[in-house]
Structure formats: C-alpha cells, structure tokens
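Letter 163 of the sequence shown, counting from 1, is numbered 163 in the working numbering, and no numbers are missing.
Please keep in mind that the hints were generated in silico from the structure rather than gathered at the bench. Nothing here was measured: the structure is a model prediction, and the numbers come from that model. There may be inaccurate statements among the hints.
What the hints assert, rightly or not - What follows is a set of in silico ranges between Cβ atoms, one per label pair, in the way DEER data are often shown: (1) P73 to R121: 36 to 44 Å; (2) L206 to C366: 26 to 34 Å; (3) K291 to G425: 18 to 26 Å.
Beta carbons: idealized from backbone N, C-alpha and C, even for Gly.
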Amino acid sequence: MVDLQQLRQENAELRAENAELRRRLAQLEHELQKIRQRGKLSHPRSEPKNARTDRRRKKHGKHPGSFRPEPPPGTIFLQHDIHPRQCTHCGSTDLEETGQFQDHIVADIPEPKIEWHRYRRHVHRCRACQRTCQGRGDLELPGAHIGPRTRLLTCYARAHLGISLGQTQHLLHDFLGLTVSRAGLLGHLRWGGQLFAPVVEELLELLRQSPVVQGDETGWRINGQVAWDWCFRDLRLALFLIDRHRSQEVVVRVLGESFAGTLVSDFYAAYNGLACPKQRCLVHLLRELAKLRDDLPCQAVRAYVQPLIVLFQDAMQLAKEHEQLTSQAFAEPRQRILDRFDDLLLTTHTRQPHCLRIWRRLVRHCDELFTFLYDACVPADNNGSERDIRGLAAARDDGGPHRVEWSAGAFAQIKSIIVTSMKNGPRFIHYGMDVVRAKLAGARLPLPLADSS
C-alpha cells in the first residue's frame with residue numbers, strides 16, 4: 001500500500017521547491033529588466049540599431065525632474081483654510097481637529113480688470129507772469145484714451161506672440177473687458193514704433209561696434225509684394241529690419257561701410273559687399289553636403305562629399321576644445337585641418353555638377369571658412385540669427401504680413417526691443433513703462449541692457 005504520509009511530505013517538498021524556483025525566476029527577470037533599461041543588453045526580438053531607434057531612445061530618455069521653486073521670502077499669501085466636512089474613508093461627520101495641516105501652494109494671477117484713471121489737471125496762476133498753467137500726470141499720454149500698459153500689451157501680442165490685431169482685440173475684450181477697435185490697435189503699433197525708434201537707433205550704433213555680428217534674412221510681404229526681413233544680432237542685441245530689397249546695400253546701410261568686426265552669415269552673395277572679416281556658416285554647408293550624400297552616386301560621395309563632411313565636423317569639434325588646449329597644442333591640429341582642406345581642393349577632381357558647384361563655392365570662400373579657429377569669439381555657425389528670426393517668421397505665418405511700410409517698420413522696431421530685452425533680463429512691460437516715463441519727462445530713454453544704468 002502507498003504510504004499517504006510519505007506522499008504528503010513529498011508533495012509539500014515539491015511545492016516548496018516550486019515556490020522557491022518561481023521566486024528565483026521572478027528575481028532574475030527583474031534583474032534582467034534593469035540591465036535592459038541601462039542599455040547593456042538589447043531585447044532578443046528587438047530590431048537592430050538604426051537612426052530611427054536611436055532618435056526614439058533619445059526622445060524618451062530619462063532626465064532629471066524640474067520643480068517650481070519655493071516662493072521668495074516675504075511673499076504675501078492669500079490663505080484658504082480647508083476643513084473636511086466628512087471623513088473621506090467612512091463618510092462620518094463626527095470629526096475633530098488634530099492641529100496638523102499640509103500646505104498646497106499655487107501661483108495664479110488675479111482676476112484681470114480695467115483701471116480707470118482720471119487725470120484732473122488743476123489750473124494754477126503764475127504770480128510772476130499772471131498766466132495760467134497745468135501739470136501732466138506721470139503716465140498721462142497726451143490726447144490718448146488708452147493707457148500705456150494696454151498699448152504695450154498690444155505691441156507684445158503682435159510683435160512677439162505673433163497674433164493678429166483681430167485676435168488681440170478678442171484677447172482684450174474677453175479677459176479684460178476692454179473694447180478697442182482694430183484701427184485703434186494699429187495706432188498702438190504706430191505709437192510703439194515711434195516710442196522705441198530712438199532706442200533702436202542707439203542699439204544699432206552699439207551693434208556696429210560689436211566684434212562679432214551674425215546676420216540672416218527671411219521672406220516677408222508688404223501689401224502683397226515681396227519684401228525681406230533682416231536680422232542682425234550679437235550676444236546682447238538683436239535688431240530687425242523689414243526692407244523691400246535683398247541686396248548688399250541693406251547690409252552696408254545697417255552695419256556701415258567701416259564695420260571692423262567679424263560678420264557671420266550664410267553664403268548669400270549680399271554679404272560679400274561688406275569689406276570685413278567673415279565667417280560662413282558651416283552648418284548650412286554641412287546640411288547641403290548631407291543632402292548630396294543621400295542623392296549622389298556612392299563613388300562621388302566616397303571621393304569628395306564624405307571627406308568634406310568629416311573635415312568640417314573635425315574642425316568644429318576642435319573649436320570646442322579650444323579653451324582646454326594651450327596655444328601651441330591648438331595650433332598644430334588647426335594646421336592639420338587647413339592642410340587637409342587644401343589637399344581636398346587641389347587633389348580632388350570631379351565632373352559631377354553638384355560637386356563642382358560645391359568646389360567653386362569653397363574656392364571662392366576659402367578664407368572665410370575657418371575664421372572661428374583663429375578667434376574663439378567667432379562661432380562656426382549662424383544658428384543664433386536663425387533662432388532669433390524664427391519667432392518673427394512665426395509671427396508672419398500666424399499674424400499675417402503688413403499692408404503699409406510704416407506698419408512693417410514699427411513691427412521690426414518693437415520686435416528688436418522685445419528680443420533684446422529677453423537677452424538681457426528686463427521684462428518688456430517694466431522696461432516699456434520706464435521708457436514712457438522717461439519720454440514724458442523729457443529725459444534720456446533707457447536701454448534694454450543689463451548694464452545700461
């Protein structure tokens with residue numbers, strides 16, 4: 001007969017062994033998942049690495065969290081004491097206070113409302129000449145029925161946020177209850193352009209003295225006709241100009257014929273007319289070479305295109321290590337870069353039309369490709385101007401172009417002030433109010449720079 005006690009014992013041992021194996025298997029699977037997350041072991045059924053999976057991994061990669069900072073000391077809170085009416089667990093209403101609490105801090109804006117200002121100008125008589133006189137309020141705009149803050153908001157919405165005058169009209173009405181006609185808002189833009197015009201002229205003089213200036217341009221329209229928006233900037237300034245021309249006369253008019261700094265730009269011929277040191281954007285060149293690498297035959301790519309891509313990438317990487325190397329340690333690899341470039345120009349012969357076009361461009365601008373290797377303040381690309389002009393292009397697409405030239409000019413001047421303020425820290429509304437006060441007082445207009453005081 002079968003020993004039932006022995007069978008029960010063996011069954012219990014098997015169950016215990018099975019449970020131990022399951023626990024061990026779960027532990028191994030957990031460790032394997034952690035290894036996969038660290039990228040040390042790929043999934044056996046995953047696809048091989050390629051550009052698409054690399055981009056996906058980069059897009060969904062982990063990054064440290066970001067949290068809103070605590071309110072500064074001295075912050076006045078609008079406190080709301082919240083007491084529960086019933087127990088959230090059982091629903092009972094028999095509650096007693098424990099003296100404990102948790103704070104939930106929320107940042108919000110007050111309910112927008114219109115402020116009506118009445119400037120009661122009292123008439124006084126002068127005892128010396130027996131004539132009457134009146135004063136003027138600190139922010140009282142002559143002959144205006146809309147205050148400066150609303151006007152500055154209109155300028156900000158149109159020039160920086162890129163919304164149209166009709167949308168600005170809805171914004172003022174829906175959030176503030178202020179009704180302004182579209183023609184009135186257009187007058188606000190004219191007022192803003194006239195207000196900031198002297199400041200823009202002064203900033204332009206500072207830009208002409210800058211050691212490095214970046215330039216770029218994009219398409220625009222004035223009353224349906226082709227125009228161009230120009231952007232000239234450095235680390236502190238960003239000035240915009242809307243002009244009907246895309247010629248070198250615009251560049252000379254902005255920077256002056258005696259500009260002594262270095263001009264960083266793309267390969268557009270309008271920048272050739274300025275007699276100054278130049279740096280051509282290598283990123284533009286690398287984009288074009290990368291496109292040719294995908295379109296041209298393998299032989300042309302291997303013999304000409306790919307060596308140029310590697311050369312310019314090595315040059316840009318060397319520039320990033322400039323501060324870490326001594327002058328002698330940096331001069332040697334720089335000379336090797338230049339020698340490699342000369343060898344490619346002299347020894348490479350091609351009849352491929354696109355490669356020949358690139359070769360002619362490199363020969364024409366051979367002295368303007370590696371300026372950044374001699375001056376650490378000169379960037380190898382023109383990305384700064386492209387970033388500054390990108391917001392203006394969005395305003396063109398969303399808010400629409402202009403019908404008259406004075407509107408385009410006012411738009412460019414306001415945009416110049418806003419972007420320059422963002423680079424230096426002052427908030428546009430605070431700086432704009434300071435300019436209004438200075439103009440009404442007949443004082444010198446401040447600049448939107450950190451060290452303008």
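Hints versus structure:
Under the hint 36 to 44 Å, the C-beta atoms of P73 and R121, about 42 Å apart, fit the expected range. Hint check: L206 to C366, Cβ distance near 32 Å, so the stated range 26 to 34 Å holds. Take K291 and G425: their Cβ atoms lie about 39 Å apart, and the range 18 to 26 Å is violated.
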